[in-house]
Amino acid sequence: MLSHEENELLTHTAPGTPGGDYFRRFWLPVLLPSEVPTPDCSPVRVKVLGEDLLAFRDSKGRVALIDEFCPHRRASLFWGRNEECGLRCVYHGWKFDVNGTCVDMPNEPEEYGFENKVRIAAYPTREYGGLIWAYLGPPEHQPDLPKLEWARVPDSHRYISKRVQETNYLQAIEGGIDSSHSNFLHASLDAFRVTDSYVEKVKNSSNLRAKYHLLDKAPRFTVKKTDYGLVIGVRRNAEEDRYYWRLTQFLLPSYTMIPYEKGLAIHGHCWVPRDDETCWVWTASWRPDGPLSEEEWDSIRNETFVHAKVDPATFRPLRNKGNQYLLDREKQRSVNMTGIHGFAAQDQAIQESMGTVVDRTRERLGTSDTAIIATRRLLLQEIRELSEGRQPYAAHHGDVYWIRSASLLLNRDVEFDEGARELMKAEV
Amino acid sequence: MFPLSEVNPEHIVTVKDFSADTLRNVIAHLKVSTSFEHLVYREAELDALWTITGFFLANEPASTQRDAVNRLHTGTHKAHDLVADRRPEAAATVLEAFV
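So the sequences go chain by chain: A and B.
189 is the number that the numbering used here gives to position 189 of the first sequence; each next residue is one higher, with no gaps.
97 is the number that the numbering used here gives to position 97 of the second sequence; each next residue is one higher, with no gaps.
Treat the hints with caution; some may be incorrect.
What the hints assert, rightly or not - Subject to a maximum C-alpha distance of 20 Å in a straight line, what follows is the list of computed EDC-like cross-link-like pairs (lysine to aspartate or glutamate): (1) A:Lys-225 / B:Glu-37; (2) B:Lys-78 / A:Glu-6; (3) A:Lys-309 / A:Asp-328; (4) A:Lys-224 / B:Glu-37; (5) B:Lys-78 / A:Glu-363; (6) A:Lys-162 / A:Asp-311; (7) B:Lys-16 / A:Glu-363; (8) B:Lys-78 / A:Glu-5; (9) A:Lys-225 / B:Glu-10; (10) A:Lys-224 / B:Glu-10; (11) B:Lys-16 / A:Asp-216; (12) B:Lys-78 / A:Asp-359; (13) A:Lys-225 / B:Asp-85.
For the record, the hints were derived by calculation from the structure and aren't laboratory data.
Please read all numbers here as calculations on a predicted model, not as lab measurements.
Please take these sequences and the hints and turn them into a complete structure.
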């Protein structure tokens, strides 16, 4: 549980809030390049950290992220013309460049020279790792870009999707690091009921996760604080002398990774506050050693795992609260726990059901919620330290993000961070 | 019963009830906890105690233990907030009143 004050501190990220100040110390993904594909293309609205912004690509191909509203009469620049290295407001013709400087003000006498004195908020952007990133913080604290493995593989080796979720970002992160939910929310009925046929199938498969989940239903949780955030170890009994470990990371300010099985694609999320009641979910699937396999593309196309199909204009998933995520009660009776198709929609349904900002004073946690507790305490600590003037370490050390999740068998006398050291290194 | 030299703060106490034994075990772990990770584990244990006492109060309205459990429930909350404030020793002192 958290106190009301702690919950507020963590979940508010608008300008001027301590949580907002914290997120404004990191580069954040804000756009798919396809949203602003060519010079002088149409501008697009971008809402992030409670700010209404507008992105456009100027005539030189530079991506601008500026205040949505013209300072003259507060008209939306969304209706503006993207022309000759600037966006012109169609109301009275004021024009702004990528730096937010007003470069033309045709309705005022030229001799007043107003245009050079007028500026709107404009944030630096970078194209990196298949995404467009922005930094919304003070220029003197501009951080490093995070050297995430998925951001450094060739385009052919990764797929990144974007969707909007109707909850605060923290609820989404907590879903990402809560490994105990996957045996229930994402389970098939056979797995949940542990039918004979399921046991037979698992016993003879190479799927270690399924095998050891069957053997030990009460895993032990371990957390370790690191330079990038947290590594979370979930340990299950395996053979007499070994443990099966699943290791995942929480990377500041809001990245998570799904435990990686060697030979398969790796998956991770970045959860970016859109405002206090909604967040952007960026999901990456990648292979360091080659292009994604046909099977992996099938899973993406069929939405079976972490990606979901969305409305291309709004990024709202096609399975959403408004249509009850296309819940199929018959499927719930006979196929899986939820009757909802795909892990992404299952997560979204359950997290949105908690309300936009869950009241954490009313929770009833247990020791299986250790990772959630650790993540909240770390974020609270970081936010408070920034309020006292200490800049976040990870923001200025992009190398610390060079890390990967893992799952492996280790002898019982080996510490997981020692045993998994090589496996947790990113390669690209 | 729980010599502090033998208590490992890296270990999470299994909280299945709010018996005196469980409380003593949690208290002993509080007394040797120093790092961020230790405090996370202690908070998880106190959350579990608070959850169990809360469910008892909700489900056993006629119990003769009700007043005592209610005090423990409140004390657990206080201890939890002390751990959140990085004061595990003070949290242990709060819980010692219940054993």
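Against the structure, the hints come out as follows:
no. : hint                  : result
1   : A:Lys-225 / B:Glu-37  : 7 Å, holds
2   : B:Lys-78 / A:Glu-6    : 15 Å, holds
3   : A:Lys-309 / A:Asp-328 : 18 Å, holds
4   : A:Lys-224 / B:Glu-37  : 6 Å, holds
5   : B:Lys-78 / A:Glu-363  : 16 Å, holds
6   : A:Lys-162 / A:Asp-311 : 10 Å, holds
7   : B:Lys-16 / A:Glu-363  : 18 Å, holds
8   : B:Lys-78 / A:Glu-5    : 15 Å, holds
9   : A:Lys-225 / B:Glu-10  : 13 Å, holds
10  : A:Lys-224 / B:Glu-10  : 10 Å, holds
11  : B:Lys-16 / A:Asp-216  : 18 Å, holds
12  : B:Lys-78 / A:Asp-359  : 19 Å, holds
13  : A:Lys-225 / B:Asp-85  : 18 Å, holds
Violated hints are absent here; each numbered hint is respected by the structure.
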